[in-house]
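A.B. asks: Spelled out from the first residue to the last, the chains are:
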Amino acid sequence: MRKFALFNVFLALIVITLGALTRLLDAGLGCPDWPVCYGQLIPQNNQVAAEFTYWQFDSLKAWMEMIHRYVATALGLTIVIQAILLWPRYLGAVRYLSIFLCLWVVLQGMFGMWTVTMRLWPPIVSAHLLGGAITIGAQFLIWRVLTSNREPRFFSVWSAFALVVFLQMALGAWTSSQYAGLVCPDFPTCQGHWWVDIDAKILSAPKMQGDEYLGGLLGMREKMAIQWLHRLGAIAVLLMFFYLALKQSMQRRSLYFCLGFLSVQILLGILNAIWLLPLPLALLHNTFAMLLWLSALNGLTAKTLEIEKEAPIEELLA
Amino acid sequence: MEKVNELNLGIRVGYTIRDYFALTKFKVVAMMLFTVLVGYLLATRENFNLLHMFLTLTGVGACAMSGAVLNHLVDRYRDTQMQRTKRRPVATGKISVEAAFLFSMSLLCLGFSILFWQINMLTAILSVSSMFGYGVIYSLWLKPATPQNITVGGLAGAMPPLLGYTAVTNVVAPEALLWVLIIFTWTPPHFWALAIYKREDYAKAEVPMLPVTHGVEFTAFQAWLYCLLLCLVSILPVLIGSQGLIYLVIATYINAKFTWYTYRMWCQPSNQNARRTFRYSLFYIMWLFGALLLDHYVSLIAF
Numbered sequence: 001m002r003k004f005a006l007f008n009v010f011l012a013l014i015v016i017t018l019g020a021l022t023r024l025l026d027a028g029l030g031c032p033d034w035p036v037c038y039g040q041l042i043p044q045n046n047q048v049a050a051e052f053t054y055w056q057f058d059s060l061k062a063w064m065e066m067i068h069r070y071v072a073t074a075l076g077l078t079i080v081i082q083a084i085l086l087w088p089r090y091l092g093a094v095r096y097l098s099i100f101l102c103l104w105v106v107l108q109g110m111f112g113m114w115t116v117t118m119r120l121w122p123p124i125v126s127a128h129l130l131g132g133a134i135t136i137g138a139q140f141l142i143w144r145v146l147t148s149n150r151e152p153r154f155f156s157v158w159s160a161f162a163l164v165v166f167l168q169m170a171l172g173a174w175t176s177s178q179y180a181g182l183v184c185p186d187f188p189t190c191q192g193h194w195w196v197d198i199d200a201k202i203l204s205a206p207k208m209q210g211d212e213y214l215g216g217l218l219g220m221r222e223k224m225a226i227q228w229l230h231r232l233g234a235i236a237v238l239l240m241f242f243y244l245a246l247k248q249s250m251q252r253r254s255l256y257f258c259l260g261f262l263s264v265q266i267l268l269g270i271l272n273a274i275w276l277l278p279l280p281l282a283l284l285h286n287t288f289a290m291l292l293w294l295s296a297l298n299g300l301t302a303k304t305l306e307i308e309k310e311a312p313i314e315e316l317l318a
Numbered sequence: 001m002e003k004v005n006e007l008n009l010g011i012r013v014g015y016t017i018r019d020y021f022a023l024t025k026f027k028v029v030a031m032m033l034f035t036v037l038v039g040y041l042l043a044t045r046e047n048f049n050l051l052h053m054f055l056t057l058t059g060v061g062a063c064a065m066s067g068a069v070l071n072h073l074v075d076r077y078r079d080t081q082m083q084r085t086k087r088r089p090v091a092t093g094k095i096s097v098e099a100a101f102l103f104s105m106s107l108l109c110l111g112f113s114i115l116f117w118q119i120n121m122l123t124a125i126l127s128v129s130s131m132f133g134y135g136v137i138y139s140l141w142l143k144p145a146t147p148q149n150i151t152v153g154g155l156a157g158a159m160p161p162l163l164g165y166t167a168v169t170n171v172v173a174p175e176a177l178l179w180v181l182i183i184f185t186w187t188p189p190h191f192w193a194l195a196i197y198k199r200e201d202y203a204k205a206e207v208p209m210l211p212v213t214h215g216v217e218f219t220a221f222q223a224w225l226y227c228l229l230l231c232l233v234s235i236l237p238v239l240i241g242s243q244g245l246i247y248l249v250i251a252t253y254i255n256a257k258f259t260w261y262t263y264r265m266w267c268q269p270s271n272q273n274a275r276r277t278f279r280y281s282l283f284y285i286m287w288l289f290g291a292l293l294l295d296h297y298v299s300l301i302a303f
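Protein sequence lines, in the order shown, are assigned to chains B and R.
The first sequence begins at 1 in our numbering and counts up one residue at a time.
The second sequence begins at 1 in our numbering and counts up one residue at a time.
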C-alpha cells in the first residue's frame, strides 16, 4: 500500500509537470474540443480535423494535450483503486483523505474540461493548477501518514507556512495565466522601477469575451503589477519560513528539505525573470513549487515533542 | 552591623517594589496596551506624534493597572482560598489594604490627569469608566453573583482598542466598535477554557463560574458556540470594507485553528485540552491584532 501511494505521488508529479509543459508550449488549446481531440481519440490531421476552421491542427501541440489527458485519466484510475484498497485497511485521516481525493480528482477533471471549453479563461487555468497542487498534496499526505504512522496535525506552524506557500502558488498561477511572466526582464527592479503601484483590480476575474485568452488581455502596467505581487509574495514566504524555523527549530530534517527547495525555487524565479522564461527553467520553477509545497505539508506529520509547562497565569477577569 | 541593616533594607525595598508591581497584573496590561497601540496606529495614517502615542499608552496603562489593583483588593478573601492566587501580595497581607487602595487611587489620578490634560476628555472618561466597570462592577458585584459574570465583564477588558482610536480621532467610530466587539466575543471561550481547568479552585472559593455551576461539558459547548460567533464577528471589518485581503486570510486561518481547539475541548473536556485552548486563545488575539496592523500598513504602502 505504501509503495502504491508513493507511485501515485510520482504519477501526480508527472501529470503536473506534463500540464506545465502543455501550458508552456501554448498547447492548452492544442485540442479545441473535449474529451476527444479534433473529434478523434488519437490526434490525426485528416478530414475530421479539417472541419475545425478557427484552429490549425498542430501535431506536437495536439499530442502534448492528449498525453496530458491520458496520463491524468490513468492517475484518476489509480486514485480510485487506492481508495478502494485503503478503505478496509485503515482508519482515520488516511481514509478521509483517500475519499476526498476521489471526489477532488473528478473536480480536477472538470476544471481540465473548462480550461479547454472556456478557452483558457485565467481564473479557470489558475484553479486547474491549484487543484493539481491540492491533489498531489493530499496524495503525499496519504503516503506520509502511511509511512510515519502518525496522524497529521492539521493546525501547527507548518500548516500556516503551507498556507502561505499555497497563496504564493496562487499568485504564481495568476502570473502565468495572465501571461505576466515576461514583462520584467530585470531583477530586483521591474523595468527600472523600484516600486510598482498595485491596483486591487488585477486580482479580479476578467470579463469573458472574445474567442480565446492566449496571450492575455491586460495591459503592460497591470501585468507588471501582477508579477510584482508575485515577487512580494516570495518575500512573504521567506519571512514565514524564518518564523517557522524559529518556532519549530527541533524539526531539523523537515526544515532542511524546505530550505533547500525554497532557495532553489527563488533562484529559479530570478533566473526566469531575467532570462525571459527559458522552457527548462520555467518547467523546473513549476516542479520545485510543487516540491516546496510537499515539503511544507511534510511538516504536518513531523515528530513533535510537546512540552507542557505550567506557567503562572495572570488573567484580567480571574 | 550597620552594613547588614542597610542590605536588609535594600532587599526589603526591592521586595516591596516587586509586590507592588505584581499588584498591577503587568502581563495582562501589556497585552491590553498592545491592542491600544493597534487602535492608535489604525486611526493614524503615515504620520503620528510619538510623544502623543507614549502619553496615551501611559495614561490608559495607568488606568488599567489601577483597575487591577482594585481587583486584588476586592478579591483578597477569595484569593486566599484558591491555589492559583493565594500568593498574591494583598491576600497574604504583605501589602496592607490601605496602601493598596492608595496605590490604586494614585494610579487612577495619574492616568486620568494625563489623558484629560494631554489627550482628550472622551478617552479619559472612557478609560476611567472601563476601569470602574472592571475594578468595581465586575469584581465586587458581578463575579460572585452570576455564571455569566465574564460575558458581561468582558466589556471592560474589550475597551482598549477603542481608547487608542478615540485618543487620535476624538470620536467613537464604527470600526473601533467592531474591534471592541471582537474582544468582547473572544473573552468567553478564552476565559472558560481557563475556568475549566481551574474549576476546583473556583468551587473552593465559591465563585459561580460556569464550569462550577453548569458542568464542564456545557461550558465547553458554550465556548465552542461563542467561538463560532467569533468567526463571524472577526471578519466583519472586511465586510464593512475597513480591512482587506491580508487580514481576511490570517483571520480565517486563526479562526479555523481556534474553532478546532475549542471543538476538541468540547469533545473531550480534559484539563490538558482546556490548557491548550487557553494558551492558543492568547496567540489568537495577538495574531488578530497583528493582522489588523499588517493589513493597515501593507495597504498604505502597496495600494
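If you are wondering where the hints come from, they were derived from the structure by calculation, not from laboratory data.
For every residue, glycine included, the Cβ atom is placed at its ideal position computed from N, Cα and C.
One should not assume that every hint holds.
Calculated cross-link-like contacts (lysine-lysine; reagent style BS3-like; alpha-carbon spacing at most 27 angstroms) [said to hold, decoys possible]:
#1 R:K257 with R:K86
#2 R:K94 with R:K257
#3 B:K247 with R:K86
#4 R:K86 with R:K27
#5 B:K303 with R:K257
#6 B:K3 with B:K207
#7 B:K247 with R:K257
#8 R:K257 with R:K204
#9 R:K86 with R:K204
Chain B is faced by these chain R residues, among others (derived, beta-carbon under 7 angstroms) [stated by the list, open to error]:
#10 R78
#11 F116
#12 A302
The following residues of chain R were derived to be distant from chain B, with all beta-carbon distances above 12 angstroms [stated by the list, open to error]:
#13 T16
#14 L41
#15 F101
#16 S106
#17 C109
#18 L110
#19 I150
#20 G153
#21 E175
#22 H214
#23 C267
#24 W287
A.B. asks: Work down the list of hints and note, for each, if the structure agrees.
C.D. replies: Against the structure, the hints:
1. R:K257 with R:K86: Given pair K257 of chain R, K86 of chain R is violated - Cα atoms ~34 angstroms apart, limit 27 angstroms.
2. R:K94 with R:K257: Violated, because 42 angstroms separates the two Cα atoms, which is more than 27 angstroms.
3. B:K247 with R:K86: This hinted pair is violated, its Cα atoms lying about 34 angstroms apart.
4. R:K86 with R:K27: Satisfied, since the Cα-Cα distance of roughly 18 angstroms is no more than 27 angstroms.
5. B:K303 with R:K257: Holds, at roughly 20 angstroms.
6. B:K3 with B:K207: violated, 45 angstroms
7. B:K247 with R:K257: Holds: K247 of chain B and K257 of chain R sit about 17 angstroms apart, inside 27 angstroms.
8. R:K257 with R:K204: Violated, at about 33 angstroms.
9. R:K86 with R:K204: Holds. K86 of chain R to K204 of chain R sits at ~12 angstroms (cutoff 27 angstroms).
10. R78: Violated, about 10 angstroms.
11. F116: violated, 24 angstroms
12. A302: holds, 5 angstroms
13. T16: Non-interface label stands for T16 of chain R: nearest chain B Cβ at 19 angstroms, farther than 12 angstroms.
14. L41: Since the minimum Cβ distance to chain B is about 20 angstroms, L41 of chain R lies beyond 12 angstroms and the statement holds.
15. F101: Holds, since 20 angstroms exceeds 12 angstroms.
16. S106: holds, 21 angstroms
17. C109: Non-interface label stands for C109 of chain R: nearest chain B Cβ at 22 angstroms, farther than 12 angstroms.
18. L110: The claim holds: L110 of chain R sits with its nearest Cβ about 20 angstroms from chain B, beyond 12 angstroms.
19. I150: Per Cβ check, I150 of chain R is inside 12 angstroms of chain B; nearest 5 angstroms; violated.
20. G153: violated, 6 angstroms
21. E175: Given a closest Cβ separation of 19 angstroms, the condition holds.
22. H214: Nearest chain B Cβ is 18 angstroms from H214 of chain R, so the label holds.
23. C267: Check passes; 15 angstroms lies beyond 12 angstroms.
24. W287: Label violated. Min Cβ-Cβ 10 angstroms, cutoff 12 angstroms.
In summary, the numbered hints that this structure violates are 1, 2, 3, 6, 8, 10, 11, 19, 20, 24.
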